[in-house]
Amino acid sequence: MNLFRHGDRPRRDWLLDVVRLLLSVMMVLSLAACLAAIIALPLMTVWWEPARLALEERASRPLPDNLTYLVAGCLVLGAIASILAFRFFAVGRRIVDTVTQGDPFIPENAVRLREMGWLAVITQLLAFPASWLTGWLAHVTHSLYFDGRFSLGAILLALVLFVLARIFRIGAEMREDLDGTV
Amino acid sequence: MADDPDDSSHIVVRLDELLYERRMTLTELADRIGITLANLSILKTGKAKAIRFSTLEAICRELDCQPGDLLAYGNYEEDQP
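Residue numbers (my numbering), protein chains in the order written: chain G, 1 to 182; chain L, 1001 to 1081.
In case anyone wonders, no lab produced these hints; they're calculated from the structure.
Where a beta carbon is used, it is the ideal one built from N, C-alpha and C, also for glycine.
You may find that some hints are simply not true.
Here are some chain L residues pointing at chain G (derived, C-beta under 10 Å) [to be verified]:
1) Arg1014
2) Leu1018
3) Arg1022
4) Arg1023
5) Met1024
6) Thr1025
7) Leu1026
8) Thr1027
9) Gly1034
10) Thr1036
11) Leu1040
12) Ala1050
13) Ile1051
My request is simple: use the sequences and hints to build the entire structure.
Structure representation (structure tokens):
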């Protein structure tokens, strides 16, 4: 099956349909996470005391005064990471759409893959302050567990995306040459 | 770029002249060699980036000519009317 022949009529492919659906779900979840973090920020000022008491009860010890800022920092980082994730999945879905249409080797997809690579890098750079904040939160709340680790897998993903972007750029150039061949 | 010597010279496709000499239309040739009229027009107008040997062979067969009759290396400015 030659899925990539330029000018072919779009055809159904269950794998692409599943991936597209999955990416759409991830987009909705990212957006929901971003909205939750943004809404939680002002709500923190209203319901902070009951939340603080609950945390103190779980930690079985008094919590420091700057805990509000730590939690707020986590929420802000969470909102930014969610926006980046939303963009990552949206761009990925556009690439999948071009594959569905039978025309993925276009210069735009090389740009999109490069953008996805940079989004993965920026998200991992955010992991540094996030891991510091969550580590500190885990330390002061004692009994709570927060996960904000740096991921080597995500950096490898970014590198693969950068290489794929180059492959697509060359593919787009080759396709352009093929288009001019009679 | 005007300074580039390659800009003023190019491969000239003499399909129009060959078709005129043989009293054949582009559509007729397209039907005979089995490629689309759009692609043949691209070749005729000199917009093609490359030509397949199979296309060249089919055109030479149908027009009873040599590749050199169809293609020539010429100067763009000299070719202008």
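Evaluation of the provided hints:
no.: 1; hint: Arg1014; result: violated, 15 Å
no.: 2; hint: Leu1018; result: violated, 15 Å
no.: 3; hint: Arg1022; result: violated, 19 Å
no.: 4; hint: Arg1023; result: violated, 23 Å
no.: 5; hint: Met1024; result: violated, 17 Å
no.: 6; hint: Thr1025; result: violated, 17 Å
no.: 7; hint: Leu1026; result: violated, 12 Å
no.: 8; hint: Thr1027; result: violated, 15 Å
no.: 9; hint: Gly1034; result: violated, 12 Å
no.: 10; hint: Thr1036; result: holds, 9 Å
no.: 11; hint: Leu1040; result: holds, 7 Å
no.: 12; hint: Ala1050; result: holds, 4 Å
no.: 13; hint: Ile1051; result: holds, 6 Å
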